[in-house]
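*Asks:* Sequence:
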Amino acid sequence: MAETMQGLKRSHMVGELSAANMGEIVVVTGWVNSRRDHGGLIFVDLRDRTGLAQLVFSPEVDKDAFAKAERVRGEFVLAAVGEVRRRSAETVNPKLPTGEIEVYVTELRILNRAKTPPFYIEEDVDENIRLRYRYLDLRRPDMQRSLILRHKVAKAARDFLDRQGFLEIETPMLTKSTPEGARDYLVPSRVNPGKFYALPQSPQIFKQILMVAGMDKYFQIVRCFRDEDLRADRQPEFTQIDMEISFVDVEDVLNLMEEMVGFTFKEAAGIDIETPFPRFTYREAMDRYGSDKPDLRFGLELRDFTGMMANSDFKVFAAVAASGGQVKGINAKGCAHFSRKEIDDLTQFASIYGAKGLAYIVVNEEGLKSPILKFFKDEEIEAILHKFEAEPGDLLFFVADKPSVVAAALGALRIELAKKKNLIDPDVFKFAWVVDFPLVEYDDEERRWVAIHHPFTAPLDEDLKYMDTDPGRVRAKAYDMVLNGIELGGGSIRIHRRDVQQKMFDLLGHSEEEANEKFGFMLEAFEYGTPPHGGIAFGLDRMIMLMAKRDTIRDVIAFPKTQSATDLMTQAPSEVTPRQLQELHIKLNVAKTKK
RNA sequence: GGAGCUGUGGUGUAGAGGCCUAACAUGCCUGCCUGUCACGCAGGAGAUCGCGAGUUCGAAUCUCGUCAGCUCCGCCA
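The numbering of the first sequence is this note's numbering, which starts it at 35 and goes up by one.
Hints are computed from structural coordinates only; laboratory data are not their basis.
Each hint should be verified, as a subset may be incorrect.
[To be verified] Below are the DSS-like pairs computed for lysine-lysine, each with C-alpha atoms no more than 30 Å apart in a straight line:
#1 Lys436 x Lys408
#2 Lys367 x Lys390
#3 Lys300 x Lys453
#4 Lys129 x Lys43
#5 Lys595 x Lys621
#6 Lys129 x Lys149
#7 Lys421 x Lys349
#8 Lys421 x Lys327
#9 Lys375 x Lys349
#10 Lys621 x Lys210
#11 Lys421 x Lys367
#12 Lys349 x Lys367
#13 Lys453 x Lys595
#14 Lys408 x Lys349
#15 Lys455 x Lys583
#16 Lys453 x Lys464
#17 Lys186 x Lys43
#18 Lys300 x Lys251
#19 Lys583 x Lys454
#20 Lys436 x Lys454
#21 Lys327 x Lys189
#22 Lys367 x Lys454
#23 Lys149 x Lys102
#24 Lys327 x Lys464
#25 Lys390 x Lys453
#26 Lys455 x Lys375
#27 Lys455 x Lys367
#28 Lys552 x Lys499
#29 Lys367 x Lys403
#30 Lys251 x Lys210
#31 Lys300 x Lys390
#32 Lys421 x Lys375
#33 Lys327 x Lys583
#34 Lys210 x Lys537
#35 Lys421 x Lys454
#36 Lys436 x Lys327
#37 Lys583 x Lys464
#38 Lys327 x Lys186
Produce the complete structure using the sequences and hints provided.
*Replies:* Dropping the structure here:
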């Protein structure tokens, strides 16, 4: 039934055909997007990754081809030989790039049949079905564009870095489990019973050792693995553009990366971006936006009322202000018309982030409306309105809590309000740097200091002196690149001195033996002449998602996993045979549940 | 670990206690059709409403559980 391509060679991709090919005999191949049978005349839209073109079958042109075309169905794979002809003026299809021409087929070969697909290729269907039949989903022009863009982004970044003298060097996928950070994916070693490799969360240690090795500038477009719960922008395996550079400080990295990102966006997607990017210290970003990844596409900045509330008669606010908490607010411009239900929903929304309440004041032409008004003196109300720059029509929100809750709740509320009020221009790209992150934070559960970035991050020179006395005050030479409220990449200048690294491990509560066991090879390497160095890694998937204006990185990854980390097409992960387990010296201890 | 949303012919949806012997569109099959462009016209097949319990005289519809997908919190150095 199926025919071969013998004696035929594709001459054109279908999307390339145009009036310039008029009169040529062409050989095209592809899938049947649709077939329109008019009885005495059959049209077939043939699709490949470059687009669609119309094939015409007429008994007057070729009887055999016409007869075969009657048996053709959706998604059949065809090769067609025919003449490119210009369409008459009234039959031109302006919706199709190739709509000025059509191919009069003189020979048709049905290279393969296809089952009726579960969904029409260009229709939007449930993601369940898309992932199960990913090969059909990937035939959709949108998905093809995503993967083509992905290729272009990777190539542009690679070209840029190559020109800057970077070397692309591979690092191991089977590596050593690290004690800090995300959960590792573990791989049992057959030849070393009871021992495990870990898949890399990032090539962090190897790239730093490459600096010790004198490679000077390293990069890699590399898969990384983290065994944590998934989100729209988080997959268990994802791709980073990973870099490390010797003999640089913060400024050098930021400048070079702005250049790289600018080049990549322009080259891959034709998007012009403004440099330099605005820079925020971590503190400033948290104060103004309640987030270390501020979305700068709209205003709605946070205002601080903590000082003002300390002496107020509103005990809820005063108590929080007096006990190290914060009272902050957002002016929801033009939201005074919100219903009680809408405000309740927003209160519910804020509670997700731990806020115990959401106080509000409605500002109208007739005056103010609020359940908390009665607690404030006239001059206090005056001061609040002044600080909010409130005008009639505004709705003022407050959250009072410990600083982390205030930031989380108001930071999220800010974005929610922007969405609700349609303040976000989808065509705009707002980059920013966030710098001077804290080096460490205290983990109440583990009852120790933990690294905000990772334990190799260098402290700011001027803060080094607080490492022993006041670790929470030490700022790091760490930086994140943020785009439209999403963390695109992050990195730091690293510690290159053995003594400072030791001090860091001490601070994190790793004993010398522990540090030696986990990182001894690295500490040893650092004793053989380590250059000052720093680096950064970009989330390639997120970068492409933002360029392609998608809501999830699943749409820019060929074979992504579901939220429960399964692959609906291959059914991974799956059980393995007892023999496989035996060879790996593994005994399962899994509660008998579903089959 | 937790919260929320969704699940109805192949696909996308409607139906929200009896009107359901489950509707519409599209796809699929058969026939007709020489200018369509996701062609059109006529006819046909196709669903025990994710799964399991329960409430009820009666459940696609209400309750509980469970499975799957999605969004989010925690987590993600």
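*Asks:* Now tell me if each hint is right for this structure.
*Replies:* A quick look at each hint next to the structure:
1. Lys436 x Lys408: 24 Å, holds
2. Lys367 x Lys390: Judged against 30 Å, a Cα distance of about 23 Å means the pair holds.
3. Lys300 x Lys453: Roughly 27 Å between the alpha carbons, so the hint for Lys300 and Lys453 holds.
4. Lys129 x Lys43: Holds, at roughly 29 Å.
5. Lys595 x Lys621: 27 Å, holds
6. Lys129 x Lys149: 28 Å, holds
7. Lys421 x Lys349: 21 Å, holds
8. Lys421 x Lys327: 24 Å, holds
9. Lys375 x Lys349: Within the cut-off at roughly 26 Å; holds.
10. Lys621 x Lys210: 22 Å, holds
11. Lys421 x Lys367: Within the cut-off at roughly 14 Å; holds.
12. Lys349 x Lys367: Roughly 27 Å separates the two Cα atoms, so the pair holds.
13. Lys453 x Lys595: 28 Å, holds
14. Lys408 x Lys349: At roughly 12 Å apart (the allowed maximum being 30 Å), Lys349 and Lys408 satisfy the hint.
15. Lys455 x Lys583: 20 Å, holds
16. Lys453 x Lys464: Satisfied, since the Cα-Cα distance of roughly 16 Å is no more than 30 Å.
17. Lys186 x Lys43: 27 Å, holds
18. Lys300 x Lys251: The given pair, whose Cα atoms are some 23 Å apart, holds under the 30 Å limit.
19. Lys583 x Lys454: OK: Lys583 and Lys454 at ~19 Å, within 30 Å.
20. Lys436 x Lys454: 26 Å, holds
21. Lys327 x Lys189: Cα-Cα ~27 Å, so holds.
22. Lys367 x Lys454: Cα-Cα ~12 Å, so holds.
23. Lys149 x Lys102: 17 Å, holds
24. Lys327 x Lys464: Measuring from Cα to Cα gives roughly 11 Å; hence the hint holds.
25. Lys390 x Lys453: 23 Å, holds
26. Lys455 x Lys375: 16 Å, holds
27. Lys455 x Lys367: 9 Å, holds
28. Lys552 x Lys499: 27 Å, holds
29. Lys367 x Lys403: 15 Å, holds
30. Lys251 x Lys210: 24 Å, holds
31. Lys300 x Lys390: 45 Å, violated
32. Lys421 x Lys375: Judged against 30 Å, a Cα distance of about 27 Å means the pair holds.
33. Lys327 x Lys583: Holds - the C-alpha atoms of Lys583 and Lys327 are around 18 Å apart, at most 30 Å.
34. Lys210 x Lys537: Judged against 30 Å, a Cα distance of about 23 Å means the pair holds.
35. Lys421 x Lys454: 24 Å, holds
36. Lys436 x Lys327: Satisfied, since the Cα-Cα distance of roughly 20 Å is no more than 30 Å.
37. Lys583 x Lys464: 13 Å, holds
38. Lys327 x Lys186: 26 Å, holds
Hint compliance for this structure: hint 31 alone is broken.
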